[in-house]
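Residue numbers (the numbering used here), protein chains in the order written: chain A, 1 to 179; chain B, 180 to 465; chain C, 466 to 1291.
For the record, the hints were derived by calculation from the structure and aren't laboratory data.
Model, not experiment: these values are computed from the prediction.
Beta carbons: idealized from backbone N, C-alpha and C, even for Gly.
Take these hints with a grain of salt, some might be off.
[What the hints assert, rightly or not] Which chain C residues face chain B? A few, computed with CB under 7 Å, are given here:
| no. | residue |
| --- | --- |
| 1 | R597 |
| 2 | S1191 |
| 3 | T1214 |
| 4 | E1217 |
| 5 | P1276 |
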Amino acid sequence: MTGNQFTEGGTNMTKVSFKVTVNGRAREATVPPRMLLSDFIRQELSLPGTHVGCEHGVCGSCNVIVDGQAVRSCLMFAVQVEGSEITTVEGLTQGDALHPIQQAFWEEHGLQCGFCTPGMLATAQELLAQNPDPTDDEIREAISGNLCRCTGYEFIISAIRSAAVKLRETDTETTPQPV
Amino acid sequence: MKPSAFSYECPNDLQAALALLASDGDTRILAGGQSLVPMMNYRLAQPERLIDINRLSELDYIRDDGGVIAIGALARHAAIKSSDLIKEHFPIVAEAYDWIAHAAVRNRGTLCGNLCHADAASEMPAIMQILEAELVLLKVGTSRVIAAQDFFLGTYETAIAADEILTEVRIPKPAAGTGWGFEEVAMRRGDYAWCTVVATLRISDGKIAAPRIAMAGVNDCAARLRDAEAALTEQTPGASLFDAVADTVADAATPAESSAGSAAYKRDLIRALLPRVLNDAVTRAT
Amino acid sequence: MSSHLKSNVIPPSRQREVPRTGMTWIGQSMKRVEDPRILSGKGGYIDDVAVPGMAHAAMVSSPHAHARIVSIDTSKAKALPGVIGVYTGEDLATVADPCPSFAAPPITQHAISVGKVRHVGEVVAAVVAEDRYIAEDAAELVEVEWEILPPNVDLEVAAAAAGDALLHPDDRDSNVALDESFSFGDVDQHFAEAHTVVKRRLRWQRSSAQAIETCGVVAQFDPFKGGYTIHSNSNFYNFIPFVIGGSLRVSPGELRIIPVLTGGSFGSKVFNHKIIILTAGLARLAGVPVKYIEDRLEHFTNSDSHGSDRLYDAELAMAEDGTFTSLRFTVMDDYGAYLQFGVGTHGNAMAQVTGPYQIQSFGMRVMAVLTNKTQQGPYRGFGSEVTNWVMERMVDAAAEELGRDPVALREQNMIQPDQFPYMIPTGNIYDSGNFQKVLEEAKTMFDFDGWRSKARAMRAKGRCVGVGLATCMERSVYGPTEWWSLNNKETPGFTLTSTPEGITVRLDPSGKMFVTLNSPMVGNSPETVVAQILAERLTIAPEDIVFNYSDSQSGFNGVGPQGSRFTAMIAGACVSASIKLEEKLKRFGAHMLQRRPEDVELRNGAVAVKGLKDQEKAFGEIALTSSFFRLSFPDGEEFDSGIETTAVYDHPLSTDPAEDRSHLGIFYPIVGHICHIVAVEVDPGTGKVEILDYTAVHDNGTMVNPRTLAGQVWGGTANGIGTTLSEVFEYDEDGQFTNPNFAEFAMPTANEMPRNFKLGHVETPSPYTEYGIKGGGEGGRLGAPSALTSAIEDALSDRGVKIASLPVTPPILRGLIRDAEQAATG
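Model the full structure from these sequences, guided by the hints.
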């Protein structure tokens, strides 16, 4: 990590340079330490799919996957992700195809305005990686840190339940099964 | 809602962190950041310097040290919640974590950071006190160990010095047969508690032994309920005893009037929750 | 019909597409057209907009509820590197006039306050800087000297205040901005003749929608192109130029407002005029494009979208057998510091104030009280959610006083299926309905009788389990007279009567159908419903339809999705456009097929000869030929190149209010019906409420897409559960807003929602709209509070707890239980 002196906002600060892999792509950046990870992703990396809803860590709209875990990107500083691997909603899409979780949200009507959706998807992605066959109550608990004002959550729960089935079927197809 | 400017240090080992902390300046330690960063975003906290301890991988552990389980400063809530060691020895901790924030916050937040933040409505300060945990505080050249019950001094106020890091929590394994209870009322699960009551106890010859009770969310900091413990010791468990103890605790409570409910409401919660917690603890004691 | 309604003649229906079964697309739960781009993170919300040279704004907000601004020193802020400018209310006033107001007479509101502040969070200065971080640094450096004035917090105290406590001493000598009385029918006579009059004092406290996206604007001013270019997440982008052009001192045509995908509204983004005026003015002052996105704190404290905050003294008059005869309210409403929409929220409630019941007359005195709080704006229900709750509370109270079963009392008084269209005392009509069928369906789905006996048995064992049922109206397709019909009759204000919705449809030579909409996507499903309706009417495949949105210079005649109007209104525009397009397609197609237009029909995306299988021309081929091969067709205007049309649909059924306001005319006539039934268990020691079972049955006429309608119902119900159990804005005695954050303003998470929510639909088509469609965007919140309140009261019936105020948070409910316990023990 290197530093270079500069003046911003009347305060002597050291911008910090770091490297990070985002959606599989290696990125280098030099930013002031106070830049929130959410702002870094949206503005510096021009990945606007990550949404900012409250900036105090409650709504979950800004959830992204950092090193396999869903985190609030409004509660991390960008400089903290040096060396990490980050997946945003833009990285979930597989080429021209929706990821099975996205597909399930589409089929089950798991979104209305869509603003909370990228954070929901990150939470769902982590849940299903840890627990491929969650109960409805486990889904409910997992997404209880993501506020949605449109759906009443019912179809989000259906979508995650359906995504779990899709992902398990995908695993069955690609993983050799014992006879 | 953006944080004000600060300078940033990210040491790679504990000694470097301690050295940085020993130098002057308005410095805060950044661990999980799940309490500190919201306050910075609101500019309620405007530290001049942050020392990020997230690279101190030497502090990322949950370890069986014989008679105690040791939890390092970088152990995240999520890791503690799912740890087999914790589930085996401290099921109350695993249970309580269902009530503490939400998964994404638990993925980053640390137990040690949570204890240092010392929110009066936070659960772990109460639980660490009934488990009689010890906290290891390090500074350059020296260390000290402080009992959890001596650590919490008030709302956002602890015994830690500006140049110290809480590096480890050491929780003694409970005696065989210890039962436990946990009850909380908050607006939503995951919110800060309006009232949390926690207890452990044993049953010996049909009588209550070694009761430990603590409460959070009511007074200005989480604390043991020593009078209640004394009133229960060597007594036969039962509804009238528990109700009487709850009444005494409720009457002695000093809750602030707030939007989270009147003082009368907080006292009602104590009366409702304390007997439930004691019942559960008795049921679980073997 | 009462004589006061004789002059209110119901116009004939303009319905062209009659409701029918077995349609191909309408009625299908088609996957949404909008979703793939949103799911992949490419929706394009307001904060995703970036224009070259854009700077960022941050606000200096008032920390006081009521204070005079003695002085503002911006020098330190201006000196900060990266700051482009710092502007006060006086600075903004050099380029912008006060905000528009539907109140009559208007109340002056500046986008940046001038002279004094009237609520916490009101803007006193704005910083424009290179980025938002620096802008916020500078905002902290602005020094304001204040002279504190007495804060008005309690609405009854505020109503009586004088002197320094007056909010607008230059405009008004009272904090009561409006005090009007209405009598629709023989109210006094009905009360004089009543056998029983039930009286209740009922309180509904303020909260707001709090969509997860806040309001935001990106504005540019170009003096050489003659105006403003503005990106905004307003619902109403094709209309507001006419409302705010004056404030920005340009003609409406010089305001180009470009819509974006909007991250939820529920009413909160209907106009957004203040933030547009603010940001546009800053762009003009700073000479650079400016982005201003409210942060969550600003959205809570300054977004002018707080919900209703009312105190009712309600009376219900009944005959000896329990027949309702008249209803009367005295209502005070705490509107906050300004009155942007007048008392439109009470006008709205007049659409269905008597509920599903036959009540002959209605009287009301309404007082709009100004206090030192953020002003009210729309929130899902727009005031009708409150009167629904008041009506249902009064019916439950009547049942209790008469010793009657509350459901039987409802059934006795309900409007019967053969009475539609039914005109209520205010003059609005209910177009159609079958309330009895909805009730039966709901009771069956819920196992109402089974649950009632189960709850009784559980209560006998000491558990606090109860069941509540509500039968409520869901008016849809609003007419704009609701904004002004209750204003002072001598100065009614802007007496707008149009709410059109338009569409442009062009069949591209490639065979794609390009559709331009004039209202934004705010979480509803505009593209999906239009695709379904056009596919139904024109036999085109939905996947061949491509959507765009006009901006305010390229489009017109769009009013937006608010008031549960969009689906029914755009259906009308789709039908109009389809009629025109069909005529063109047949003309061109018949010529290509060498047939007469009357011998061809539309079939599977083609113009085909009636009765002949293989004789057809695909729409794409017709469009291609008509666009590129002019000489293939005869001379004459009717064969001008291209297949395209623009169509507009006006409100299907509205009439003017009576001059003397003896009735308000027809203004919200497409009326759905809902029945919610819920079982709850209360923990009496803590006041916590657990929802054990929940059923909602909605009748929204013909359903275009059952799945998206279900999403609206569930979402609205979640709002209603929050309104009832957990959401309230808290102000302390100094007028400080103490919980403006997501940690303390407790909106339901997935954990708080019922585990076994059952949803049913009854379809009673409207005789006035195309295909019989009714709106359905608000019903959940219009029904849930009433049912939940009843259930909680039932659960605590053995303890004598009565609920007269919402919300009932656990501390509040425990307080009611404690009071009852203390009363019981003396």
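We went through each hint and held it up to the structure:
1. R597: holds, 6 Å
2. S1191: holds, 6 Å
3. T1214: holds, 6 Å
4. E1217: holds, 6 Å
5. P1276: holds, 3 Å
Checked against the numbered hints above, the structure violates none of them.
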